[in-house]
Structures are given as structure tokens and as C-alpha cells.
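Enquirer: Going line by line, the protein sequences match chains A and B.
With our numbering, the residue at position 379 of the first sequence is 368, and numbering never jumps.
Take any residue in the second sequence, note its place counting from 1, add 72, and you have its number in our numbering.
Hints listed in this document are in silico derivations from the structure and should not be mistaken for laboratory results.
These figures come from a predicted structure and were not determined experimentally.
Ideal Cβ placement from N, Cα and C applies to all residues, glycine included.
Just to be clear, a hint being listed does not mean it is correct.
Said to hold, decoys possible - If you want the footprint, here are the derived chain B segments under chain A, 3+ residues with CB under 8 angstroms:
(1) 155 to 164
(2) 223 to 237
(3) 256 to 264
(4) 493 to 506
What the hints assert, rightly or not - Restricting the straight-line Cα-Cα distance to at most 25 angstroms, the calculated cross-link-like pairs of lysine-lysine (PhoX-like) are:
(5) Lys36(A) / Lys305(B)
(6) Lys267(B) / Lys305(B)
(7) Lys246(A) / Lys90(B)
(8) Lys35(A) / Lys305(B)
(9) Lys178(B) / Lys392(B)
(10) Lys25(A) / Lys36(A)
(11) Lys527(B) / Lys178(B)
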Amino acid sequence: MARDERTLEERLEDERRLAEQRRLSEMASQDSALVKLLAYSLAPYKKWLIAALVLMVGTAALNAVPPYLLQQAIDGPIARGETGALWQITLLYGFTAVALFGLTFAFTYFLQQAGQRALADLRVRLFRQILRQDHGFLTGSSTGDLVARLTNDVDQLNAVLSHSIVIVLVEGVTLIVIVGVMFAVNWRLALLSLAILPIVFVVTRYFRRRIRRSSSGERTAQARISAFLNEHLHGMTVVQLFNREEESEGEFETYNKRYRDALIELRWHSAVFLSVQEVLAAIGLGLILYGGGQGVLAGWATLGTLVAFVQYTERAFQPVLRLSQEYNAVQIALGAAERIYRMLTQEPAVKSPPHPKPLHSVRGEIEYQGVHFWYLPDEPVLRGVDLKIPAGQTIAIVGATGAGKSSLVSLLARQYDPTRGRVLLDGVDLREYDLDDLRRAVAVVPQDPICLAGTIRFNIALYREDISDERIRQAAEFSNAARFIEELPGGYDYMVLPNGENLSQGQRQLLSLARALALCPDGVLILDEATSSIDTATEALLQEALERVLRTRTSLVIAHRLSTVRNADRIIVMDRGRIVEEGTHETLLARGGYYARLHRHQLLANAEADAKAEAAAASKHAAD
Amino acid sequence: MKDSGLQFLLPYMRPYRKHLLIGTLYALVGAGASAFSPTWLGWAVDALTQGVRPNVMALYALGLVGLAVVVAYLRYLLRMLTGEIAAGITYRMSQDLFHRLLLFDKETRQRYGTGDLLARGTSDFIYIWRFYSAGFQMSVHALFLLLIGCGLMAITSPFLAALVVIMLALSIAVQVRLGTFMENAFVRVQQETAKLSAFVQEHLNAARMLTAYAQEEAVVAAFAAANQAYVQKNLRFVIVSGAISPLPAFVVRIAATIVVFVGGTLIIGNQLTVGQYVQFIVYLGLLNSGAQQITDAFIRLQQGNAAAARIGELLHRWPKITDSAHAREVTDLRGALRFEDVGVWAEDQQRWVLRHINLEIPAGTTLGIVGPTGAGKSMLISLLGRIHDPDEGRILIDGIDLRDIKLASLRQTVVYVPQESLLFTMPLRSNIVLGAPDTPDPQIHSAMDRSRLSKDLPQLPKGLDSMVGERGATLSGGQRQRTAIARALVRDPKVLLLDDALSSIDMKTAAEILNELRQTNTARTCVIVSQRLAAVQDADNIVVLDHGQIVEQGNHASLMALGGFYAEMYRREIAQAEESAHAAANLIPVGRGGQAEKEQTNGAG
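Just chain A, same shape as in the assembly (with noise of 0.2 angstroms):
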């Protein structure tokens, strides 16, 4: 039993050396992260740094002035009654005050100037290296985390470079000119003054990981709060219908508790922080006085001195307690770099080759060879696709949920790269195109359309400029985007609310047809046949566009409607990452295979309709 705890024990605190030596090894990498960020960002605005820099060690440095010149006054003139040098005094004393002012306005200048433009620079990089990543990496990661990478990380780094470094450096310097000056006016009351600061600094340290670690216990209980908050203002409608309010009221309650219960953790902990932060600088002052006190009875110290010393430990208090400070605000850069870093440095999985092939005209034929792909290795979502396309058909894919429909169509406009096999356009590997070209060759049209804030005309040319107004509203025109674009007040100035919010669905739709059509006039035609129920006209328009825009091109579409497959040259049966059928609407249902099963199960109800439509149409004759 007392072995078995023994053990037990002794793999805690394996775990937690191990927990450490993790810790500490990713402090490491964190610490070059800020600093390979900030070098290489700031490197363009070297001039200003350094210039800030500078000015900040003599802003430094004039901070020990002030008492000295106090100790001048209180030995000098006044101890002797002259008026005239004590002016004199005065005067720099003044001067001193005004040095400070300008300097440390200069500094700030300068290290703003260099920077917010650094940060801009890394906000916009960091932006361009987002979009470079594959799909695989837009879909796995949260637009929420991304944004926040963009925004609260960066501000964080902005955060130490405005304030963290100027404190770091300013403070830490008037600390170094403070001691230097203390031992060069008198050093015993100099090594008096110090005895206290190291003790102040264990103290600090001690009680800063106590403060950090219950606020970060704070932080965590007020974002279980948010997120609690947040699942419940989205959710209210429900949890009221189904009566839930006391539950949720108790379940809050907790969170509550908790929360006020981290707050005053947290706040226990602070003020003993700075009570016994109080008694030390007490002590440290007692000390000066005690020994000052001797000194000045005894012959070795004067006056001023005393008065000087009183002032510098007070001053030489500050460093120490603002550097473990800022010591927090690092802590969470260094997080927020890191992250940064590692995006940055993230290379995108599909990128173009060095020496692309060029495309000019497409004739679309296609071709998969031997193609597997999958995300995780043990979940194959394409197992060996043979598949060859000759240009200008159009191929319908059906298949149940899962079974790689979605997959096989991304990878020809290499939203991914396939694990094995190849991709051929035009008997080309697909890699061996500049993206930029391909893309432009083959275009998509999401399931989901999606708008962005703007123009109608922006928001189907998007920022292209080379599209001419022409060709913008051909593209209307030949999806049948044009008859709601001509409705609207202003026509394609119309302004588009973000998300497309005063579209409807079904315009959303008939939009992103029009843009991929403007953006993409020839070439190969990717469709996600969206699912979602829209208004019966619209849906009308949209499908008699669908069939005159897939008869001029080659086309894979994701089908969902019964006209879009049975038109098609080509229907192609999925199941669990292979083609199962393949062939016309006729062969297949001839063949009474997958595909027949799954067009009866559609049309059930369809055909079910339609028995009850005739037996209506003839209850009405009969009634006649």
C-alpha cells in the first residue's frame, strides 16, 4: 500500500518535471519567436528605433538627477545662506524638469513612428500568409481564431513594444544610473540603501506567480461565463420554449460563484502584495534614516546626502516593482508571438511550382489517375479515383454524405493536393500550373454563396479591375442574376450589406453564379448544387440558368437536383471514396444498381405527389 502511494507520487512529480521541462522549452522558442518578430519586423524603421532608444537611456540617466541636485542645495547654499546659488540650483532643477518632459515625448514620437508602421506591416503579412493556406488549414481553423491572431495578438506585441520595452528600458537604466550615482556620492549609505532590494525582489517574484496564477484562474472563470453567456443569448428562444430557465439560472449560478470567487482570490493576493510592498519601502526608508542619521552625527555623510538617499531608494523602489510587472503583459506577447510565429512560418500545403507550365486557353479535359486523399491517414476519403472527362462534358456526381463527392471536386481546382495519384488539366499535372492561372481556369461555385459588403458589381467582379462593366453584366445576364440586379435601387451600385444580409438566399445564389461566370468566362465549371430551400421562382431562374451555363463548358457538379442529373453527359455514383456506377440516367436505372435505389428513394415523394395530383385533377373532372 505505502510502495503503491510511494509510486504514485513519485510519477506526479515525474509529471509535473516533465510538465516544467515542457514549459520551459517552449518559453525558449517563445523568446526567440518575440525577438525574431520584433527584429524583423522593425528592421525597415531601424533609424527611429535606434533614435528612441538613445533618447530613452537619457531620459534614464536624467531621472538621478533630481535629488542630486537637491543634496547640492541643502549642503551648498543653503547650509551657507546664499541666495545667489541657490537660484542657480534651481535653474537646473527646472531645466532638468523641462529635459525630461521633451525627451520623453521624443522618444515616444520615435518609437510610435516605427512601431505602429512595424505592426501594420506584420498585420498585413500575416493576412497574406492566411489566405496562401490550403483549404484543409481554412476549414480546421476557426475564422474566429484567425481574426484573433490578426487583432488581439498583434495588439498584444504592440502592447510590449509601446509600453513593456519603454518601462523595461527606462526603469532598468534609472535603476543602474541611480546605484552608480548612489556609490559615487557615498557608498556606504550607497550599500545601505541596496541591503533592502533583493529582498524586495524575491518578495516581488514570490508574490507576482501567485498574482498571475490566480488571475489567469480569474480570466478562465470569466470566460467560461462568456462562453456560457454567449451559448445562452444564441440559444434563449429554446430554453425558454422548453422551460429550461432554472437549470440554466443554477448552471449560471455556478459559473457565478466561481467567478466571484476567483475575484477575490485574486484580490487576497494582491493586498498582501502591496501592504507588504509598503512595510518594505518603510524599512528600506527606516534604514537610510538610521544609518544616514548615523552618518551625519558621526561626520561621514551630510545632510543632503541623507535627504539625496531618502529620495534615490524611494526612486530605486520603482524599477524593481514596475519590471516584475510588465513581467505579466511579456508573458502574454510572448504566447501571442509565438502563435504569430508559427503561422507565419507555416508553409502552405498547395503552392505553385517554381517553373509553372503555362495555361492559356483551356480546353477542359480532365483526368484523375489513381487518386487517394485523405486528411487523417486512417480516414481515406478517396480511394483510388479513376476518372477521365473529355472537354466540354458535363459529369453530375451523386452519393450519399461522406462518400468524397466534395473531395474529388476540390481537388481540381487544388483547393487540396491529392495524397496519391495525380490530377491531370488539358494532360497536364494540375501542380505544374501557377495557381493563379489554374484558379482562373477553373472556377467554383460554393454551395453556401457568399457575399461581402459592397457593390453588387464589386461583389462579382470582386477586386478584380481588369473586368469591364460589360462583361459584368453579360455574366448577370447569362446566370439570370440580371432581372433582381435591374430591380434593386441603384441597380449594380446597389450596396450589399456584409453576409449578403439583404439578399436573399436565393439572389445569393444566382450572384456567385454570375461571379463565377464574369470571373471565369471559359474554362472548367466546379458546382456545389446547393441544398438549402429557396423561394420557388427564384429557384425557376436559377435552374434555367444552371442549364444553359453547364451546356457550354465542362462541368462537375455535386447534383442535387433531379433535372441537373438527368441532363448530365455523365453521372458518376460515389460511395466511401470510390465510383461505385457510372453512366446516363437510363443505363443506370437499367442497371438497378445504387443509383436506381437512391432515384427511387428521391422521387417517392415526388411521384407520390404526382399520383395525388392526377387523382385531384380528376376528382375535379369528375365533378365537372
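Since the structure of chain A is provided, determine the placement of chain B on it from the hints.
Expert: Showing chain B alone in chain A's frame:
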């Protein structure tokens, strides 16, 4: 606005009256001790100049430490006391706010927006916490410190004290002005930041589409331009704030300069001792930190006040939909529904969303509601669930106005499944038995069978105990909707309302679920809103809505016979299906005709 925040806070402070009094006492003693230490130091210096025995200096030094211990202990007490008050009030208010949010109906919530409510429920409480913890604590302490300190200075040298007070007043004035300026500028910068992150948010949401059209470089260029504009605006703020933020420190240094000179002259003129001189110089630092604390406290009090006003506004808002005074408990409803000249006015669109709706839904029957987007279908069905209340007319269940029934008891009888299936971060089981945690397993399984969710169970890692991700993220759209239906069926409601709740479910499964509902619906009233006519065509009664009015009504056959709106919709919907059904029928026996034939043969055999 300023007073209103405090007005909401006062009731919460009442239980802490004694605490506040004790806290003030702590502050008085603590600040007194703190204010006395420069005087003590001055005495020590004077003792030195007059030549004192070395041992006496130790007493002076110990006295200084003793004073600090008193200050430290009392400030500790004050901090903990104010912390207790702050945590208690934050807790109580937060609890009250959540209680209020639970009462808010959809319209009230939409008026504020989820983001706004969330901000009030989280960050505003941080401000309230600071109001008491830092704001109150610092302001009382610093106020006493300044008062006592100035008094002690005045006793020593009224002239010099007057000089210091003037400089302190100047310093406070500068800081207060600065505070508001910085606050405003900060808000402006925040707005710019928000714009930038809105750009990022929108474009990252569309990232896949943008990359698919090879737009990366253009988007990055647009982002770089937005950043440039942001930097320009931000720099202006930062530079101005860089110029003015060292101002308070500058004022104090100038004050020190004056004290150095005037004090020095006074000593030379024998009107001041060196100890008093030192005392003044130390006071300047101490009282300035007091002035700084007052400014900080002032900002926190202001912010807390504004936050309290925002929260108070919610706490004092009554939701539109709530139990009226004479609302009663009702059990054993049959579920006969009746609309009497019902109208709903949309204030924001200045139009009637529904008007003159008269409708009878006998108990145990199924009503289908169809019509184009924006016709008012969802509004009509949500009136039955009392998500909204009508602005004119009334809705009766078994002859009782819905508004005369206690919400909780109405919702036992009437279960509404909204368009968007809302799931919570809990195990699947808890999502299904939401609000009825004691439901036995067989009942859960039966509901899951009927909503066709059971077949998905093996796919889930822990079956019923699998955690559902945030807002159902780990489930497919269809699974989410089937869970929402299971959640409704588990309660075996007398009235079931489906608001397009089958839209993400494939047609075959949807048909199966509807069949299940039909088989068990003898004792249940069903109201089904759907975009697809297939979902409603077996209903006992179908209502076609257009522009907020009932334009047609009847069963499928009679509506088809009518040859109006419904028949047109139906024709469009099955236009292609008809064709292919014929095509298919030529090849293999498919659909009902084929089955019916088979059944007949069987029957004959």
C-alpha cells in the same frame, strides 16, 4: 445618465451600508498614518540638525516602519473589504441580469442584439467590479490622504502649503482633462480597430471563395491600404497622447522646483527648518500619488457608473411577452387552436407582417402553412409558441387566450421547433431532454426513433453521451434538426409546431419523419411551416400565405382543384420531377404507382 447608473447601484449597496462605514473608518486611520509619516521624517531630520543621541535615531527609524505597518494593515483591510463589496454586488447584479435575460422575449433580445447583451453581461461587470474595488477604495483613501496631508502642511508653513496645494490642484485638473481626452481618443482608435477587424472578419469568412478566384494579392493590397489609413489615424492619437501624458509629472517637477527655491530661501531667512523642508519635498511626491489615485478612481467611478446604467436599463426593462397578472396554470389542454382577426405590426418596416388572420385548427388535426419568402409564415407559427404576441386580435387554445395562460404551462402543451436548431455544448442526451432532465431512457429512444436520430447513434463516439460541440458544431445540419425534433417529441406535446424544421434533412428521411408524426398524431395538433409542399400535402388543412394574408385555404385536393396560387407552386415544384418520374416509370417500377400495383397483386393472391 450619470445619476442613473448610481441609482441602479444604490439598492445593491444597501446590504453593505455597514461595510461602507467601516471601510471609511479604515481609510481615515490608514490615510492619517500615511499622511503623518513625512512630518515624522521632518522631525527626524530636525532632530539630526540639532544633534541628537545616535540611539534616538533608531526610534525615529522604527517609528517610520511602525507607521508603515499601520498603513499597510489598514489598506489591506480596506482592500479586502471593498473587494468583498465589489464581488458581492457584481455577483448579485450578474445573477439578476441573467434572470432578466431568461425572461426577455425574442423581440426584446433582437432590439439589443446578442453582441450588445453579451458585452453588458461580461465586460460591463468588470467595470462594476472596478467601481467598488479600485474606484471606491482609492478615492476614499486618497481623499483622506490629501485632506490630512494638506492640513499637516498648513500647520508647518501656510505659505509653502498654499503653493503645494495650488500645484496639486493644477496637477489634478490636468489629469482629469487628460483622462477624458485620452478616453475619447481611445474610443476613436477602438472604432478604427473595429473597422479593421471587421474587414479581416469578413474577408477571412470568404477566404475560400477568394482564393478559389485567385484574389489573394488584390485583397492583401486592399488590406494594406486599410492598415495604412489605420496607422495614420492611430499615430496621430499616439503622438498627441505622447505629448500630453508626461504633463502631470512635469507639473509636479515644476512644483518641486518652486519648493526647492522658496523653501531654500525660507531656510536662509530662518523661517523654515531643514526638516520641514524635507517634509514638504516628501509631501509633494506622496500627495501627487494621491492626486493620481483620485484621477484614476474618478475614471473608474465614471466607467462603473456608465456600466451600471447599461445594466440597469436591462434590469428595468420588462419583456413584452410575460405572464400577465391574471395568467393561470392550465393542464389537460386538448389543443384546439383558433386565430381571431390576428395582426402583427412590424415597427421597423412600418408594415403589417400579418393582418386579419382568422383560422381554426381543430384539436388533433394537422395544419400546413406555405407561401413565398417573407409572406409571414414563420411569424404565424411563432405566435402559437408565443415567441411573439399579436398586436391585434387574439389566439385561443381550447377557448382560452394564449396570453391568459402561464407561459411555463403553455409551453408544456405547445412545443415549437424553430428554423435554426439550437443545440448546446452538452451531451446529446442533455440536448434532447432539455428542460426535462428526468426523462427515462426508453422515452428518449422512442423519440429518437421517431425523429430518425437513432440510426446516427453508432456514428457518434459515445452515443447518447457524446458531447455536442458549441452550438451543435460537431453534428451535421440534418443531425441537428433531427435532434431538435427528438427534443420536441420527447415531451410528447399536445401541440407540435415545426417551423421549416426539416429543411436540412434529406427528402427521404423527412418523409419518414412526417409519416411517424402522422401515425402518432391522432391526439396531437400539428402545425407545419415548410418551403417544400411535399411536407404539408397530407395535412388536414393547408393555408397559403402571401403578403401577410391568407390567400387560399383547404386540403391538397381542394387547393389543386382551385387551380390558384398553391396549384401553381405545386406545378413548379414537381415540374421536373414529373418528367423524370415518367421516364423512370418506363424503365423500372418506381414510386407509389408501382407499389400500389404490387400490393394489389398480393391482395389478389
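Enquirer: For Lys178(B) and Lys392(B), compute the direct alpha-carbon distance and say whether it is at most 25 angstroms.
Expert: This hinted pair holds, its Cα atoms lying about 9 angstroms apart.
Enquirer: Closer than 8 angstroms Cβ to Cβ for three or more residues is the test here. Does the segment 155 to 164 of chain B pass it with chain A?
Expert: holds (count 7)
Enquirer: Take the C-alpha atoms of Lys267(B) and Lys305(B), compute the straight-line distance between them, and say whether it is at most 25 angstroms.
Expert: Judged against 25 angstroms, a Cα distance of about 12 angstroms means the pair holds.
Enquirer: Holds or violated: the segment 493 to 506 of chain B covered by chain A, criterion of 3 or more residues with Cβ-Cβ distance under 8 angstroms?
Expert: holds (count 5)
Enquirer: Hint check: Lys527(B) vs Lys178(B), CA-CA at most 25 angstroms. Holds or violated?
Expert: violated, 34 angstroms
Enquirer: At least three residues with a C-beta closer than 8 angstroms to a C-beta of chain A: is that true for the segment 256 to 264 of chain B?
Expert: violated (count 0)
Enquirer: Does the segment 223 to 237 of chain B contain three or more residues whose Cβ lies closer than 8 angstroms to a Cβ of chain A?
Expert: violated (count 0)
Enquirer: Please work out if Lys35(A) and Lys305(B) have their alpha carbons no farther apart than 25 angstroms.
Expert: Roughly 22 angstroms between the alpha carbons, so the hint for Lys35(A) and Lys305(B) holds.
Enquirer: Quickly compare the C-alpha distance for Lys246(A) and Lys90(B) to 25 angstroms and report which way the hint goes.
Expert: Status holds; Cα separation ~23 angstroms.
Enquirer: Holds or violated: Lys36(A) with Lys305(B), Cα cutoff 25 angstroms?
Expert: holds, 22 angstroms
Enquirer: Please work out if Lys25(A) and Lys36(A) have their alpha carbons no farther apart than 25 angstroms.
Expert: holds, 18 angstroms
Hint check: violations occur at hints 2, 3, 11; the rest are consistent with the structure.
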